[in-house]
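Novice: These two chains come separately, so use the hints to put the complex back together.
Quick note, the sequences are listed as chains A and B, same order.
In terms of UniProt numbering, the first sequence opens at residue 1 and continues consecutively.
In terms of UniProt numbering, the second sequence opens at residue 1 and continues consecutively.
Please keep in mind that the hints were generated in silico from the structure rather than gathered at the bench.
Please note that a few of the clues may not be correct.
[Claimed, not checked] Each computed DSS-like pair below joins lysine-lysine, with the alpha-carbon atoms no more than 30 Å apart: (1) A:Lys22 x A:Lys34; (2) B:Lys242 x A:Lys22; (3) A:Lys138 x B:Lys542; (4) A:Lys213 x A:Lys138.
Because the structure is a prediction, the values reported are computed rather than measured.
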Amino acid sequence: MGHPQSLPLPATAGIERDRTVKVAFLTKLFGENKALDGVGFEAGRGELVVLLGRSGSGKSTLLRHLNGLEVPTSGQVQVLGEDLSSLTGSSLRRLRSRVGFIFQQFELVPSLTVLENVLTGSLAVVRGPRLGLFGYGKARRLTALEHLETVGLLQLAYQRADTLSGGQQQRVAIARALMQEPEILLADEPVASLDPESSDQVMNLIRDIARSKGLTVVCSLHQVDLALSWADRIVGLRHGKVVLNTLTENMTREEAMGIYGQVEVATITSEFQAIAEELDTPGHRERIARDLATAAATTRAGRKAP
Amino acid sequence: MTATALTPGPVRGIAAGAPKRKISPERISASITLVVILVIAIQALVAIDISIPKMFESMDNAERFFIRVGGVTFPPLGELLYLTALTVGLVLCGTLLAAVLSVPVAILSASNTTPGPAWRWAGRFVGVLTRAVPDVVLAMVFVLMFSLGALPGIMAIGIHSVGMISKMFADAIEQVDEGPRLAIRAAGGTKTQEFVSGIFPQVMPSWVATVLHRNDINLRGSVILGYVGIIGLGREMSYAFKAMDYSLGMGYAIVIFALCVLMEVVSSSVRSVMLGHAPTGRGMGDRLVRRFGKKSPRETMANAVGFASPAQALVRPWTNARRRNVVWGITSVLVVIGSVVISDIQWRDFITFWGKVPAIAVQFWPPTFGSYEYGTMLDAMWKTIAIALAATFLTLLGSVVIGSLAARNVAPNGFIRSASRFILVVIRGIPEVILAIMLIVVTGLGGQAGTLALAICGVGLLGKLIADSSEEVNPGPERALTATGATRLQVFAGATFPQGVQSLIGHTFYLLDTNVRAATILGIVGGGGIGYYLLNAGQGSKYGVVTAIVLMILATVLVVEGLAMWMRRVFR
Numbered sequence: 001m002g003h004p005q006s007l008p009l010p011a012t013a014g015i016e017r018d019r020t021v022k023v024a025f026l027t028k029l030f031g032e033n034k035a036l037d038g039v040g041f042e043a044g045r046g047e048l049v050v051l052l053g054r055s056g057s058g059k060s061t062l063l064r065h066l067n068g069l070e071v072p073t074s075g076q077v078q079v080l081g082e083d084l085s086s087l088t089g090s091s092l093r094r095l096r097s098r099v100g101f102i103f104q105q106f107e108l109v110p111s112l113t114v115l116e117n118v119l120t121g122s123l124a125v126v127r128g129p130r131l132g133l134f135g136y137g138k139a140r141r142l143t144a145l146e147h148l149e150t151v152g153l154l155q156l157a158y159q160r161a162d163t164l165s166g167g168q169q170q171r172v173a174i175a176r177a178l179m180q181e182p183e184i185l186l187a188d189e190p191v192a193s194l195d196p197e198s199s200d201q202v203m204n205l206i207r208d209i210a211r212s213k214g215l216t217v218v219c220s221l222h223q224v225d226l227a228l229s230w231a232d233r234i235v236g237l238r239h240g241k242v243v244l245n246t247l248t249e250n251m252t253r254e255e256a257m258g259i260y261g262q263v264e265v266a267t268i269t270s271e272f273q274a275i276a277e278e279l280d281t282p283g284h285r286e287r288i289a290r291d292l293a294t295a296a297a298t299t300r301a302g303r304k305a306p
Numbered sequence: 001m002t003a004t005a006l007t008p009g010p011v012r013g014i015a016a017g018a019p020k021r022k023i024s025p026e027r028i029s030a031s032i033t034l035v036v037i038l039v040i041a042i043q044a045l046v047a048i049d050i051s052i053p054k055m056f057e058s059m060d061n062a063e064r065f066f067i068r069v070g071g072v073t074f075p076p077l078g079e080l081l082y083l084t085a086l087t088v089g090l091v092l093c094g095t096l097l098a099a100v101l102s103v104p105v106a107i108l109s110a111s112n113t114t115p116g117p118a119w120r121w122a123g124r125f126v127g128v129l130t131r132a133v134p135d136v137v138l139a140m141v142f143v144l145m146f147s148l149g150a151l152p153g154i155m156a157i158g159i160h161s162v163g164m165i166s167k168m169f170a171d172a173i174e175q176v177d178e179g180p181r182l183a184i185r186a187a188g189g190t191k192t193q194e195f196v197s198g199i200f201p202q203v204m205p206s207w208v209a210t211v212l213h214r215n216d217i218n219l220r221g222s223v224i225l226g227y228v229g230i231i232g233l234g235r236e237m238s239y240a241f242k243a244m245d246y247s248l249g250m251g252y253a254i255v256i257f258a259l260c261v262l263m264e265v266v267s268s269s270v271r272s273v274m275l276g277h278a279p280t281g282r283g284m285g286d287r288l289v290r291r292f293g294k295k296s297p298r299e300t301m302a303n304a305v306g307f308a309s310p311a312q313a314l315v316r317p318w319t320n321a322r323r324r325n326v327v328w329g330i331t332s333v334l335v336v337i338g339s340v341v342i343s344d345i346q347w348r349d350f351i352t353f354w355g356k357v358p359a360i361a362v363q364f365w366p367p368t369f370g371s372y373e374y375g376t377m378l379d380a381m382w383k384t385i386a387i388a389l390a391a392t393f394l395t396l397l398g399s400v401v402i403g404s405l406a407a408r409n410v411a412p413n414g415f416i417r418s419a420s421r422f423i424l425v426v427i428r429g430i431p432e433v434i435l436a437i438m439l440i441v442v443t444g445l446g447g448q449a450g451t452l453a454l455a456i457c458g459v460g461l462l463g464k465l466i467a468d469s470s471e472e473v474n475p476g477p478e479r480a481l482t483a484t485g486a487t488r489l490q491v492f493a494g495a496t497f498p499q500g501v502q503s504l505i506g507h508t509f510y511l512l513d514t515n516v517r518a519a520t521i522l523g524i525v526g527g528g529g530i531g532y533y534l535l536n537a538g539q540g541s542k543y544g545v546v547t548a549i550v551l552m553i554l555a556t557v558l559v560v561e562g563l564a565m566w567m568r569r570v571f572r
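Just chain B, with the same shape it has in the complex (with noise of 0.2 Å):
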């Protein structure tokens, strides 16, 4: 090839000599089939109308809102302290049965554990299934059949979580060492102790972090479970709003909202000083977590004291490093503990709601659209369909200027990196539920602000994901580019992009997956689609209808599971 270039002839000659550039057919109609979502997604932005002088417009709304309401006022002290340390502790109760029943979902699910094929397919069943069903319709199924408390919500996270959680669990199992497990089996151990002793220790940093990710996406999602009538702060809310009192409301919503992102800081240090990444950078939490993590000259010292013989060695030594991993043990059994003595769970009803199940099961079938229309509630699934699509859109378009910030190797100073990364630490921390209440206070009701919420929320996560690749890109290829006096804004468009487009699409795709389910919850709060029809049908003891809404929510998720897995696949 090189030869023909270098030899001196017709120019016609090379471009007819060039070896043409063959796509897979595959490929081509995946990059069709793009381009149509993309056109779609547009469409659906321009439909939803939102222009800035709208929202000007609206301002104008929200300023005489906020006169009329006359402010924000918060609940007593004592009792905002109970809801949210009732929040709290139920969230964390159900990620926990989540926790829990995800280990046995896992071992079936992956493939170097399952005994079997079709068990297999079984534990990934329940992982599809549990992921799809979204939690708000598990509330109002487990509120029907529990006394009220927190047992309801509880079971409705603890089950809906199960799906995530094992799905990223199992991705680890199927990750890890084979090696020490081949050890175990070789000295005569069962295959249960391979797992306890060869493949737990392995993989348990990476299922806590999971848990205590899944945690903050459960608290955020719990606000929505107080309008089907599950306790806590989310519950107050809805009452409040429900009773016209808006300043009390804003005032509920801005605490959830703050305790959100609380909560989402301090699980995103915990994760990563867990996982063991060096805190190297030059941003507040690195800089905690150096701070506190250093250790000391006596430790070293500590380590170095030697045992006399085997029989002194039984006493183990109070490191530094033990001394902290009892004191974390401690904390997490005591949060552990009270979130379940906050939560006041009436145990008796789990055995008492098996009675209740065919009753309520019977009212639960068949699925039917009652008294709508077909069309009507086909356009409500088109106009969440189409709220997804657009706020994905606007998400990308944000994601790729902070993601790119945010990450080393692209930001122009480290200032801006840290500045960058908190930005989408706060975003990922902000409940769409609550952004979307306080929006539909400056667009009034409908599409616009559950489609704003979402693209906002969304930044959080896209973002974090793109800087995140951009930072695992091969650093030759920029190296060789600033080396022949490329432009910082070059570097990024001929070296880095290019090499973190394929994990965009993935991710992207992910996003539009879960916006998919967000936009239905959005519609619950008046965010415009097919949620509003689930909580109306729910509310009205139509369950029937309820029925026939999730189905239909189902079979959209499971065609963009599909669609994302497909371009992931092609993509890659």
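Chain A extracted, bound-state conformation (with noise of 0.2 Å):
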């Protein structure tokens, strides 16, 4: 593995074609509760993509579904070409090693150095357990290195990894993830449990990396702000099902400010509207209808008040 392999950048943030990542159905059961229910997305090369809702909403879910973490009920899951539910063992492994991941809580290992946890990020290609750093050989070990000068973290590599800040830790992560030369970025809430302006870092950190080497990103926030001064497209979820989808360059301030409110108002509609299918009468429509703008006015109202 030598160099970053370099892709042409993408002219807009929103590409149409190459799509990298593609969702389609996707429905996931933990029992009797429904976590993801009908979940259609795509993104294409070089797209950052947020994920936006509460915490429940199944943005999570999604996220492990794109890498094979998680299994679908039912729904096609598309990641670089490959169908993900006839990939197993090493060819999963395979495909998982081209996607990074990025987590909320870091994830290194405390007691390794930072430098012997971005090399954890190169296991798929070397196969075989490995102990320590001269079993990853020297070219790998300056890779590593030279992924730390990019996170800006050079200096640390000899540290422990748990005597780093939340901030640098999980500028390790993002080491480990570009260890793994990857083509799709995923991320779950990577700045939940950090500072703002670590946060901001971060979130510059990823969108540098991603412009420059063509990466698509699909992260996972639940800051309306951050994803919208940040994303190429928000979609956004509620009770595991896709509410909005929309490039941010199309968003005007304003409607940007309501999205959760929007959101909110989205779901009304779509009950509100099955349940006058059902009672398909010209009184019952007309008064649904009224109930439904009031609703939605109150909701907003809502949501302006303090």
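Specialist: And the structure:
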């Protein structure tokens, strides 16, 4: 594994061709509980997609489907042109090695050094168990150090991971993901455990890396403002359903501020429509339409009120 | 409830209206069992007849004995050093063998790494079985299979220790943070890589600590292996006693005694440094650790030196921490190589011994009591259990006092705490067998010596557990009682002790479990009970009897272990 492959930079943020992630009719049941309900969305090469929604809306579950950590109950997941349901064992591991994953809690091994942690990102390539620094070889160690320089932590290479701050640990985790030479980066609430300053640092880093290497990023967040300023596309999730899928460049500031409200209204709308179709009489329809408008207004007012 | 209590009314009404305390039937039966066991223990203590006047009487015995023996003699220094190195090396090799063997067993037994439920049961079965069969019995078997030398001892220690090490290791694996492992899976790592890179670095400190701890236990146990022919200090001591050379025998006993205490002190300091407990105490060990563990200002400087480029960073800087690690690493490797060299292992035996297995296995089956009567054997087994029970009871009394005084939140001052902690470490280092041998001189052959030896050595273990769990109790209630003006003793009785009593029950049963095994072993040196018959049968080549006795011990140990598990569950 020499140098990061150079890909043509995307002309605009939203790219139509070359879909790297395709999800259709994805449903996931945990016992009785429907975590994902007919989810569908796509992401193009080089696109920054944010999954937005409250905790429990299914963001993490969706992300974990994208590298086969979860198996769908029904529906299709296609990543980098491969149907995930057809992959098992080594073919699944080969795909996973092309997809970097960044966790909310960083998930570094606390007692190992920063450099050792970064090197674990190349385990899929080296094959077989490795302990310590020297099992990975000099070339790979140099690559790991270069990635550490990219995330600005070269000086801490030989420190134990648990002596670092949260923001630094997340940057180490990013370097570990880079070690995989990934084509897609998945990030599950990467800044939820960080202070605002470190959050900005980490999010900017992910964006810079993604832009320079042409990576697709799918990142779950719950901060609306951060998502708006950062993403190319926002996919809104609620109760396991996609309730919003828009390019951020097409969003006005006003629209953006009301995203959580709109997410709610959208659900309410669909629920009311279902009821309306059931009671398909003109009188009912009128009354329901009125209720619908009132409900939407109340929700907006409730959001704006302190 | 409060409202009812506040309204003035007839006292009878309040008492009648108070909610009845609910106790589960299981708890009631467990409590009754506990009381029954206590009564039996006291009865056993009375039957064994440890009385002060008798002790004084025996003191005269001892005096006469020492006059006749004419003091203690030691073997020549060179021989002594060689034997000491051989004993330590043999034990270390055995413990290392167990450490390696226990890794796969632990992986199978831990719920988060096992390939399946059947594998898990298999792993646990191996653990329980290896723990239950005494190492002396394993040594008897291996002496028959291998040529004489260190190998039978290494194998006996190695296999017997798998039980404890794999259990502790499996517990540690079950407690790891699953996150790093998930990260490696998400990056496309295999199951082996998940374990080696994600789990092993997390559990390694506790694994090393367990292995060191086990090594101490094995060193103490190696004495008894000498009685069945395993080379080292133990065998020389047993020869000396057999040849009625009591002064030389006592000399060996004193050397082993000192060696065990020394090892205990060394390994408990290494463990505490490695597990990262901040050495805050005023004890000698803590002071030493602080003195040598301190980071120098130079090192902080070294960490701040920057790398200009990734290529420059390829060379890891020699910080003091790295230097220390390398020195430790090289030292350990040298110690291991030294152990293997001095043990002079006959590697060929590993190939040839398979041929001897069938012929030897036949000798051990079927189990039989031979010329012994059933009554005699059951009586001897009961005597062993009685010794264990009585010793556990005595230990409990002693440990509550010393253990509590060693706890930071109970001890009246730092000096008493440090002194108590030091006493506990020293007691932990004492090999029961040696203490029993010395006590036999005073009390004569029989149950008293065994009981006293177990009771004294038990304080080292139970006292430490009590001290640690006392320090772990919630300090809130203690502060609350202190604030009401309670005395130290009242705070202890009202807040510290009630919070610690549940773990006390668990720890005491653990001790009882250990004592049943240890009491068997003490019989071999004349401490009374079934061990005497075990040694006789082994030396008389009546291997069917050995099997029968081992089965009896196994059944007892399993019953005690089951009881202990039940008690820990009920009184959690």
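Novice: Could you tell me which of the numbered hints above are not met by this structure, giving the numbers in increasing order?
Specialist: 2, 3
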